[in-house]
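Listed below are the residues making up each chain.
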Amino acid sequence: MRILPRTAESGSYAALAGLAPKRRPSLTPYYFILPYLVFFVLFRLGPSLAGLGIAFTNWQAVGTPRFVGFANFEAMARDPRLGDAFQNTVFFVLLTVPTLIVLSLALALFLNQPRRGRAVGRVVVFMPYVIMSTVVGVLWTWILDKDFGLLNVYLNFFGIANVPWLVSESTAMYGIILTTVWWTVGYDMVLFLAGLQDIPHELYEAARIDGARAWGVFRFVTLPLLAPTTFLVLMLTIINSFQVFDQVYVMTSGGPGTATLTLVQYIYTTSFQFQKFGYGSAVALILFGILVIVAFFQIRGYRRGLKGVE
Amino acid sequence: MRKLSLMLLLVALLTGVMALNAQDVVTLEFWGGWTGPDGAIMQQLVDRYNAEHPGVQVNLTVQAWSPLFDAFIAAASAGESPDIMAMHPQETAMFINLGLIEPVDDIVAASEVFQKDAYVSKAWELQFYNGQMWALPFDLGIHGLYYNLDLFEAAGIEAPPTNAEEFLAAARLLTVDAAGKHPGDEGFDPANIVQYAINMHTNHHGFYQWYALYNQLGGQLLNEDATACAMDIDKAVQAWQWLQDLVYVHYAAPQGQTDYARDFITGRTAMLVDGPWQIPAMIAAEAEGLRWATAPYPTIFDKAAVWGSGHNFTLPTFADPTKRDEALAFVEWLAANSFDWLASGQLPIRNDLIASEEFKELPGRQAFVDMLPNQVLLPNIPKFSEIFASNAPTPMMVMGQRIILEKADIRTEVQNACDAITAILSIP
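If you read the sequences in order, they're chains R and U. Here the working numbering is used: the first residue of the first sequence is 1115, the next is one more, and so on. Here the working numbering is used: the first residue of the second sequence is 147, the next is one more, and so on.
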């Protein structure tokens, strides 16, 4: 059965374009993205390209960079802190991504039902996302305080002794993960909500007439039709999770010990605090490589997934 | 049309006035990391200066020290700098090495305010690196011992502890569980302690304290030319052991503490090791019934030593050279008016201030000032940040947090830190 409705991806726009009279491509749309483009080139693309070169130098931000070939990359092999940062980041990604996907999907499904107060519910879930990361960090440092934190007060209520959250190597990363989930789940939820609203009602009706129960409807209608959105959310969440920084910087600075040291935190620390911009750029290049590989597999999976659905 | 020409005239006039102003008023950019209540006091000083000197406009920029230094370096890479940059004496080598600050020997030679004899000698000496003077001294801050007078009286302790023996005796009496029992008493319950004797830093002040205790044992951190770790492992272990035992053996300090001043003010701890910058908070807490006093940091081991730091002013290389005179005049004014800065709790370093009657009337300072000759600063080296930075996983932070928070094996952590330090210093 072909259940995917024709959308922009399957070429309906292309068909429309064919009908339109041929004319020179207009520059107008580009004027609209020009302000963003200027910032993108000046503050994203430019520095990224510069970083590519800096990675092969020894540079302290002042003075002339000295070319050192692959020395920065060789130094990585002898750097135990980098190993810590890599391990912690992967751990963070492995725990945060599934939690965020499942939770945001569940919230989207729940808040997609026609029920009283759902607008308020959506706002409540999304609201943390608009708070500045530093504020989130300070707020959760208080919530997670071992002795007087709100979370432990609630846990005490259920007879659970004070959890040392941010002041123990074994729990600090969970504190960061908890904060991250609270902070960003609303964003993923909104994407899922948009995806859910694109699914035509007739399909649900048809499934129900065929005798499908709630789980069956979810498994064979919602989930497959939501696949493009799920892939998008998955990709964004993985990439964002690999780049976790703000919460860590504000809440733990990578500590206690090296328990919450992540790759971007380490890049920032080596570059700006230790003035080793060459080495920092080299590590950033490695992170970039990881993200490219992740994105490559995801885009491939996305295409295959689409084909499977069709 | 008439409206338009009127507008144009107005604009022209305004521009003219502004241009005139710009010519008359010298603007000085002044950066410092005073994010606590001390920031407000510095702003008041700056405001007063601006009011008294119509030809100069000082703009104070305050953000936390670490991002402030990042911004200082980033600005310098673009050839820009503030006109006056505040920092701490142990950080100057880092910026000297980067070429971001200039020596002040000539300026000092010509200055009537910055004269060696007018200052506590320690404060003066700290501004030197490789035989040159690089910064203008402003204040010092060291650890001291705050104690709660009511809790001391309740425990029957007459004087604050000065050595290890007195300290442990007092700590036992000041640590109380829910049943009113002390450590060592029959049935004492470490899981239900309601009052601890003292705080235990889980942040960078943890290794600051260790550094003081290690110095009390006569230990040295780096070799003479600062190219390798030169720790005496046994002494380093002994110093950490004292701190770790306070938490895990004597139950005198809480585990995993986060807000030291608050715990002292609320009576959760009877003593507090911290800097003089907590004095304003203590004075404010008197309204809540706190009765407090200060004592010198105790000498636990062989000789007196206490962690310290301070503030100074540097003149950045990339600052506008034509504003140098105004910048210097402002800093001289600050130094001459540094009595007002003492409201921040920081310690005076000018001899006339220390000897003055008005200083003696300020509460809590004397115990700190008495200990000034014993202050030890972290080594002023170009790679300071890589070894000592407080908000990064530096060898010192990792060692301290693992020992204090995780009860890690001290010898292993000390050895790891020493190896890491040598590795950092061995790279040119």
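If you're looking for bench data, these hints aren't it; they were derived computationally from the structure. Just so we're clear, the structure is a prediction, and the values are computed from it rather than from any experiment. All C-beta atoms in this analysis are idealised placements derived from N, C-alpha and C, irrespective of residue type, glycine included. Treat the hints with caution; some may be incorrect.
As the list claims (entries may be wrong) - Short, incomplete list of chain U residues facing chain R, as computed with Cβ under 8 Å:
#: 1; residue: V208
#: 2; residue: A210
#: 3; residue: S212
#: 4; residue: D216
#: 5; residue: A220
#: 6; residue: S223
#: 7; residue: L244
#: 8; residue: E532
#: 9; residue: A535
#: 10; residue: N537
#: 11; residue: A538
#: 12; residue: P539
#: 13; residue: Q547
#: 14; residue: E552
#: 15; residue: I556
Taking the hints in turn, this is what the structure says about them:
1. V208: Since the shortest Cβ distance to chain R is 16 Å, the answer is violated.
2. A210: violated (11 Å)
3. S212: holds (7 Å)
4. D216: holds (4 Å)
5. A220: holds (7 Å)
6. S223: Since the shortest Cβ distance to chain R is 4 Å, the answer is holds.
7. L244: Nearest chain R Cβ about 5 Å off; hint holds.
8. E532: Since the shortest Cβ distance to chain R is 5 Å, the answer is holds.
9. A535: Because about 5 Å separates A535/U from the closest Cβ in chain R, which is inside the 8 Å limit, the hint holds.
10. N537: holds (4 Å)
11. A538: At 4 Å from the nearest chain R Cβ, A538/U passes the 8 Å test, so the hint holds.
12. P539: Holds - the Cβ of P539/U comes within 8 Å of chain R, reaching about 5 Å at its closest.
13. Q547: The hint holds - Q547/U has a Cβ within 8 Å of chain R, the shortest such distance being about 4 Å.
14. E552: holds (6 Å)
15. I556: violated (14 Å)
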